[in-house]
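Novice: Grab the two chains, each in its own frame, and use the hints to assemble them into the complex.
For the protein sequence lines, the chains are H and B, in the order given.
Each residue of the first sequence is one higher than the one before, starting from 1 at the first, in my numbering.
Each residue of the second sequence is one higher than the one before, starting from 1 at the first, in my numbering.
The set of hints was computed from the structure by calculation and includes no laboratory data.
Take these hints with a grain of salt, some might be off.
[Claimed, not checked] Label pairs and their in silico Cβ distance ranges:
| hint | chain 1 | residue 1 | chain 2 | residue 2 | range |
| --- | --- | --- | --- | --- | --- |
| 1 | B | D129 | H | F9 | 50 to 58 Å |
| 2 | B | G190 | H | D181 | 30 to 38 Å |
| 3 | B | L80 | H | D181 | 36 to 44 Å |
[Unchecked claim] Here are some of the chain B residues that sit facing chain H, going by a computed Cβ distance under 7 Å:
| hint | residue |
| --- | --- |
| 4 | F52 |
| 5 | I138 |
| 6 | T150 |
Virtual Cβ for every residue (Gly too), placed ideally from N, Cα, C.
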Amino acid sequence: MTPFERLKFKMEGKEVDKIPNLNIAMALVAKEAGTDYSTYAQDYRKLVDGNLCCVEKYGFDVVSAISDPVREAAAFGSEIVFPENGVPYCAEPLLKDGYEIEKLKIVSPYDNERTLDRIKAIEEFRKRVGGEIPIIGWVEGVLAECADLRGVSSLMMDLAEEEDLNEVMEIIFHQQCRFIDAQVKAGADIIGVGNAVASLIGPSLYEEFAFQYDKATIQYIHELGAKAKLHICGNITPLLPQLKMLEVDILDFDWMVDCQKIREITEGSTICFCGNIDPVAVMLEGTASEVEAKTVKCIMEGGEQYIAACGCEVPADTPRDNLIAMNKVLYR
Amino acid sequence: MALIQEISELLQKGKAKNVKQLVQQALDENMDPKEILNDGLLSGMMTIGAKFKNNEVFVPEVLVAARAMNAGLTVLEPKLIEIGNEPAGKAVIGTVQGDLHDIGKNLVSMMLKGAGFEIHDLGVDVEPDVFIDKAEEIGADVICMSALLTTTMPKMQECIDRMKQRGVRDKYIVMIGGAPVNESFAQQIGADYYTADAASAAEVAKAAVQKTRGKTL
Chain H
1 MTPFERLKFK MEGKEVDKIP NLNIAMALVA KEAGTDYSTY AQDYRKLVDG NLCCVEKYGF
61 DVVSAISDPV REAAAFGSEI VFPENGVPYC AEPLLKDGYE IEKLKIVSPY DNERTLDRIK
121 AIEEFRKRVG GEIPIIGWVE GVLAECADLR GVSSLMMDLA EEEDLNEVME IIFHQQCRFI
181 DAQVKAGADI IGVGNAVASL IGPSLYEEFA FQYDKATIQY IHELGAKAKL HICGNITPLL
241 PQLKMLEVDI LDFDWMVDCQ KIREITEGST ICFCGNIDPV AVMLEGTASE VEAKTVKCIM
301 EGGEQYIAAC GCEVPADTPR DNLIAMNKVL YR
Chain B
1 MALIQEISEL LQKGKAKNVK QLVQQALDEN MDPKEILNDG LLSGMMTIGA KFKNNEVFVP
61 EVLVAARAMN AGLTVLEPKL IEIGNEPAGK AVIGTVQGDL HDIGKNLVSM MLKGAGFEIH
121 DLGVDVEPDV FIDKAEEIGA DVICMSALLT TTMPKMQECI DRMKQRGVRD KYIVMIGGAP
181 VNESFAQQIG ADYYTADAAS AAEVAKAAVQ KTRGKTL
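Just chain B, with the same shape it has in the complex (with noise of 0.2 Å):
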């Protein structure tokens, strides 16, 4: 257990070569893969940004804790993949047509990782039928957008309008975030969520993934 708990405090501080070769220890120590990632990787990337909700810490040092747990989780997959774990969801993410920045949707992406959801990150300037395709394609739970500026937060409304016009919108989560955006647009445009900043997206999106197959069983 000191083992994974220093895999979680390494994550932390954001040192991607020691969180890999304490993962790579874990494992030939044949502890159980995902115990290495529940209570090592994700439980250091959540504190991350429950830190990060809480302006203890900023964008480099989560930046730089999503790298060690993305080193971590090279040596950790291949594992997880033979035990057939089954991530917490699949999310399908990107910055809307017209927008480029990509800071919040990689915050965003990258605390979703650190939840247990498997993520298809489309990057920027992404059209609405390329975020509908991507779901449908991979079978998402969850679809984020994301968008920095007044004049292409439309496009997220697009999306949704293209999702219902493709009779696909019930299948989906619909989350939105970004600086210009806010609860009563998420409401006006017909998606489910809003969230303010990362770590409350991981958290939303992980419950509402939870309810809706919980609804389905």
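Isolated chain H (complex conformation) (with noise of 0.2 Å):
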């Protein structure tokens, strides 16, 4: 089989030759493209060499166009850090002062030098192994993008204050969908949306915040013909049952989610959940037996719909026997 037909199949909840490795990485793929952080999130070439090279040496079952949270914030004005070895960020929150929608740029995901470089990676991709290697574009949730505005703090503060944040959400989910648009025509297979921010919240919050727009932009993805990938990491046990409603197709769950409650709540639907895999206790700093020991037991526990992953980002310095025992597991 190749990955984008075991992607298929088993979210189809077909049986398939191996369960899909769909490890998200992000400076390893800087590492294994040979080069530095800053570049790798600035130059589409690298990213995809880098994601090619993850995929025939450690087995990923996907490539992505992933590389900071900050894409968007960038098309909307913000002016961005790039760190040799880090990860890229706002210099300051754009939104800092308050709501002043007026400081919003406007503008189409193709003119602007970060959201085009995302879309060329797409573009780049699916010349190279479309319809072979499933293909993940990436957007931030509308939550997350306002907090990427905004800032995380003021953004809680204004949350607990129920401050009226209808216009500048209404704006940031008119973008985020046009940057959709533009990579599903690109050929993205999968659009994958960043909330991070949402495991900092209850669900009283997350429903009158963030869970309309979260289920208005999985269904715009759905709409356009693509799948939908969640991933909010941290801890989102008090979100599931809502989650559960959104009607994503890929749910991405962090290492502290108990991977049996997430298949008691998820029963009955077709999200597939994936993830659980503590990327820095198991992946980074165990041995390979007890990497192998981790995904048998997310196997068992997760059962059919279990789709192997770390519960977040795989590390750079992970060692390879570690990523090689984890694939080698997928094929049992």
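Specialist: In structure tokens, the structure reads:
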């Protein structure tokens, strides 16, 4: 089976020759591409090369145009800092003084260097491995993008004060849809929606401020004929009943979420859930046999809907043997 | 006592203005500032911390409660200084060099303050020597380091190694936290404690300082 067939069959509940390996890698991709993080985040050719190395060396079953959360913030007008070997970040939140929405630049994703670079990465993936390896494009979830623009702490206070965020969130949602559209047109099979900040809030604020936008984003991805993957690192256990209602195709879950719990809650749905292997305690610091044991445990506990991955990004210094050990188990 | 209880309850609801007013009222009624602090502000913050640990409240609720605590403290602190109230301990806290994540660090800082600590928050992207210099300057009991990235967690080790080089490692309780960090990493780098959440960090820091002071007395 090709990785494309494998993941497609898995999501359709059919038999596969191997449980797909959907590890998320960024710093590791830069390392495999033989470059620094800053170059990897700004040059789609390096991002593509590094991803294809991970497919070949470690058996990853997807390629992914992920690098950092501030591509859309750049398009909105934020000044971005690129540390040589660190994740790019906003020099300061564009909306640090409040929701002055006139500060937000509304541009086509093709007209900003950073969003265009991601689109080009997907086009390049399409040329090189399209139809053979699933291609994942990425957008920030609406709440996460709001945090990128406002600052996480300020947004948290705003949520507690029940500020009216409707206008800014509508603008963000509209722009995210344009970016999704461009990535699907470029050849993305799956769109990953990164909404890590949602793990900091409880069910009531998630319902009030995030649920409807996550739902609408996923619906929009489906309307374009792509699949949706939701990534919220951190402990999402309190949000699971709501996340089930989003009708996402793949739900990522971090190491602190109980695998059996997620299986119970998603029972009766077609959601595949993906993750749970501790990226540090197991993947980075564990032995190959510990990685193998944890992967087997996840497969056993997760059942038919489980897809293999670390709970969050695979650390760059992960021993090669551990990555290989994880992948080998997936063929059993 | 009803007034003190009300301060604690309003703090938990994040009502900063009301907390400030009631602390002033309590002082005007000649209530003991220590009682206002311990049974009103700190007790309210401890309750929020316990609820946070149990997933009953989340980050936004903790942040507004902490803001209410700070509002109360602005009124209370001059009185506490006047009567010579000693903090539960002195802590230096920051996110390690190269890492700009501050939510977890801020939560620990607030919980420590809620446990009666004097806090010196160095912010984010803090170099190893800056932690040590500040600890030396203020006579800290605890150094708390936070990291959210696997690429920055080795900076914790660097700080501890630097403390050893400077001959001050044994003067401080070193605590670490953050999503990629765990107990085995803490042991590996020679930190004294790892805690998984902000409320536990405050409990552990308080107990560790009491233990250390017990030893030295």
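Novice: Given the range 50 to 58 Å, decide if the beta-carbon distance of D129/B to F9/H lies inside it.
Specialist: holds, 55 Å
Novice: Hint check: is the beta carbon of T150/B less than 7 Å from a beta carbon of chain H?
Specialist: With a closest approach of 4 Å, the T150/B hint holds.
Novice: May I ask you to test the interface hint for I138/B with respect to chain H, counting a Cβ-Cβ separation under 7 Å as satisfied?
Specialist: violated, 24 Å
Novice: Taking the CB of L80/B and the CB of D181/H, does the distance hold inside 36 to 44 Å?
Specialist: violated, 59 Å
Novice: Using the nearest Cβ pair, does F52/B come within less than 7 Å of chain H?
Specialist: violated, 10 Å
Novice: Mind checking the hinted window 30 to 38 Å against the Cβ distance between G190/B and D181/H?
Specialist: violated, 52 Å
In this structure, the hints that do not hold are numbers 2, 3, 4 and 5, in rising order.
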